[in-house]
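Chains A and B supply the protein sequences, listed in that same order. With my numbering, the residue at position 277 of the first sequence is 285, and numbering never jumps. With my numbering, the residue at position 163 of the second sequence is 171, and numbering never jumps.
No wet-lab data here; the hints were simulated from the structure. If you're wondering where the values come from, they're calculated on a predicted model, not measured in any experiment. Every clue listed holds true.
Here are the computed lysine-lysine pairs in the DSS-like style, where the Cα-Cα straight-line distance is at most 27 Å:
{"id": "1", "chain 1": "B", "residue 1": "Lys-101", "chain 2": "A", "residue 2": "Lys-102"}
{"id": "2", "chain 1": "A", "residue 1": "Lys-285", "chain 2": "A", "residue 2": "Lys-101"}
{"id": "3", "chain 1": "B", "residue 1": "Lys-102", "chain 2": "A", "residue 2": "Lys-101"}
{"id": "4", "chain 1": "B", "residue 1": "Lys-101", "chain 2": "B", "residue 2": "Lys-285"}
Protein chains: 2
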Amino acid sequence: MPKPLSNPTMRVLQVMEYLATRPSGTYGLSELSRSIGMSKSTCLSILNTLVDAGYVIQHPVQRYYSLGPAAIAVGQAALTRFPDVTDVFPVLKKLARETNMTATCEALAGDQLVVVASAGRGDPLSGIGRTGVRLPFSPPYGAPFGATAELEAFRDYLDRADPPLSDDEVKRLVRSFEIGRQRGFFVGLDLPADHPLHEKLAEAWTARSPDRKLQSIVAARRMAGYLLDDIDLAAIYAVSSIQAPVVSRGGTVEIALALLAFGWKATGAQLIATAHKLVAAAEAVAEGRPHRR
Amino acid sequence: MPKPLSNPTMRVLQVMEYLATRPSGTYGLSELSRSIGMSKSTCLSILNTLVDAGYVIQHPVQRYYSLGPAAIAVGQAALTRFPDVTDVFPVLKKLARETNMTATCEALAGDQLVVVASAGRGDPLSGIGRTGVRLPFSPPYGAPFGATAELEAFRDYLDRADPPLSDDEVKRLVRSFEIGRQRGFFVGLDLPADHPLHEKLAEAWTARSPDRKLQSIVAARRMAGYLLDDIDLAAIYAVSSIQAPVVSRGGTVEIALALLAFGWKATGAQLIATAHKLVAAAEAVAEGRPHRR
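So here's chain A without its partners, still in its complex pose (with noise of 0.2 Å):
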C-alpha cells in the first residue's frame, strides 16, 4: 500500500532543493519558478514562507534567493544524529587538497545515499558529488553500504535494482562486495561512454523524479561492470571513485567517504595509494579524531 503523500511538502522541498544544490547561484523568482516548473504564484508564497522563517534570504537590494540561517540550524541539529559527519570536513578538505579530486562525504537514510558533504571542485562532470545530491541505494550505487548490511538489508537492496539483477550478477555483486569488504575500499570503474550522463542522472535524482531512460542508463552501467575486483598493480585502470566505509563503533555503517576521479587513469599501484589515504580518513572519522599522516 502506497503511503500517502503531501505534494505541498513536495513543492517546498523543490524550491529548498534547487537552492541547496546550487548554493552559489543567485536565482530570482523568475528564475526559479521556470527552473522548477512551477506557477510564479505557488513558488512566490512558498519562498516569502521560507523568507518569513529565516530558511531562504533575498537580498535586500538584488532580490535574488538564497539559503538561510535556520537552514544551517535544521542541518546542525540533524548532526547530532549522524555524529561522524561532524567530524568529516577537515578530513574531506585535506583529502580533496592531497588528491585534487572531489572528496564527499555520503549517508545512508532507508533506499537513499545522500551527499551531505563535499570538498574540492576539480571536476567539471561531478555533478554527482554536490552536497544534497541523492542517489538511488541500489545496485551499482552504495557498495560500502551495501557490502556491511545486515542480511535482511542486504536483500532489500538487491531487490531494488531495475531492472532485477540475473543470478549472474547477484554472484558477481557478491564477489565484488566480499573483496571490497576484505580490502577496505571499492572502485568504480569510468565507462566512458555515460560520461555526459552523470550531471543529468544526479539532477535526475535530486528531482526524486526518476526518469526511465536515466535508470536503465543505470542498468547498462551495472551490466558492463561496473566494481573493479582483482587489481593488477602495473594495468592501467580508468576509474570514476574509491569509496571507503566509515565504520562505528557499533559496527554499522551508516556514512561512507568517496573520492569522485570521474576519467583519472591510474595503474593498479596510484590506485591503491590513493585509496589508502582514503581508508586512513575514514578510519579516522569512526575512531572521532582528525585524520594524521
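Since chain A is already given, all that's left is putting chain B on it; use the hints.
Frame of chain A, contents of chain B only:
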C-alpha cells in the same frame, strides 16, 4: 501590503522545527501531531514526504522520527553563504568548556535572530540557546547586530519594538550600544522574575506564533533595564548573557557569539575576564582561524 504566505509550507516547517529544536528526543506520530497541534493525517503525509526525501528518518523498529541526512546536506549548502559559521563549531566547544556555560552562535536573517550553533548544555534554563531557536530582532534582543547596523536598518530595528520605545528608552539604548561597541561586548542582565519564562519564550518564537502575553513580558524586561552599561570591577552582577559581534572583513555583522549564563553572579572583574574570552573567540572566527589562547 502583506506578502502572500503558504500555510502548507508553514506546516512543513513546523514539523521540521519541532524535530530540530529537540534533536535528542524520540517522537512518534501521535506525540508529534498532538504537540504541534496538527491532525494526525496531515502530519503523517508531511512526515512520509520528508522521510521519502531523506529530511527525516524513521527508526526501523521503534518507528519514531528524527532529522535525516538531507537536512544536513541543506545545512551544509547554506553554510557556503555564511562562511564564518563554518569555523565556529570548535570555537564554541572550547568556549563552553572553558566557561562551563552554553556558547551559541546567532545569525541575523532579516528581522530574526536564529541560533545556528550551540555548545555546552549546563543550564536547564537555556532553552533560548538551542540550535534552531529564533528570537525577534527587536529591542532588547540582538544588541551586537543592532549596535553595528547602518542607520536605516537601525531605525527598522527600533521600530520593531513592541510596545514602541519611548524617547528615553531610545536614548538609553543608543548609549548602551555605544558603550558595548567601544568595549566589544554586550552584557544582558538577569531579571530573576522571568527565569521560568525563558523556555516558553524560546518555544513561542520558534513556532512563529508570538504570544501577545510573552511579547508584553519582553517589553517588561526591556523596561526594567536589560543591558549593563558601566561595569564596576568590585560590584556583583546577575548576568544572563554576554554577546560579541563577529565583524567580517567587509565590516558587517551577520553573526554574533554569546555566552548564556542565566543566574550567574559575578564581580565586574570576573565578568570582564569572561567577556574577553568571548571577544577573542569572535575575533578568531572573523579572521577564519581557530581560537587559541
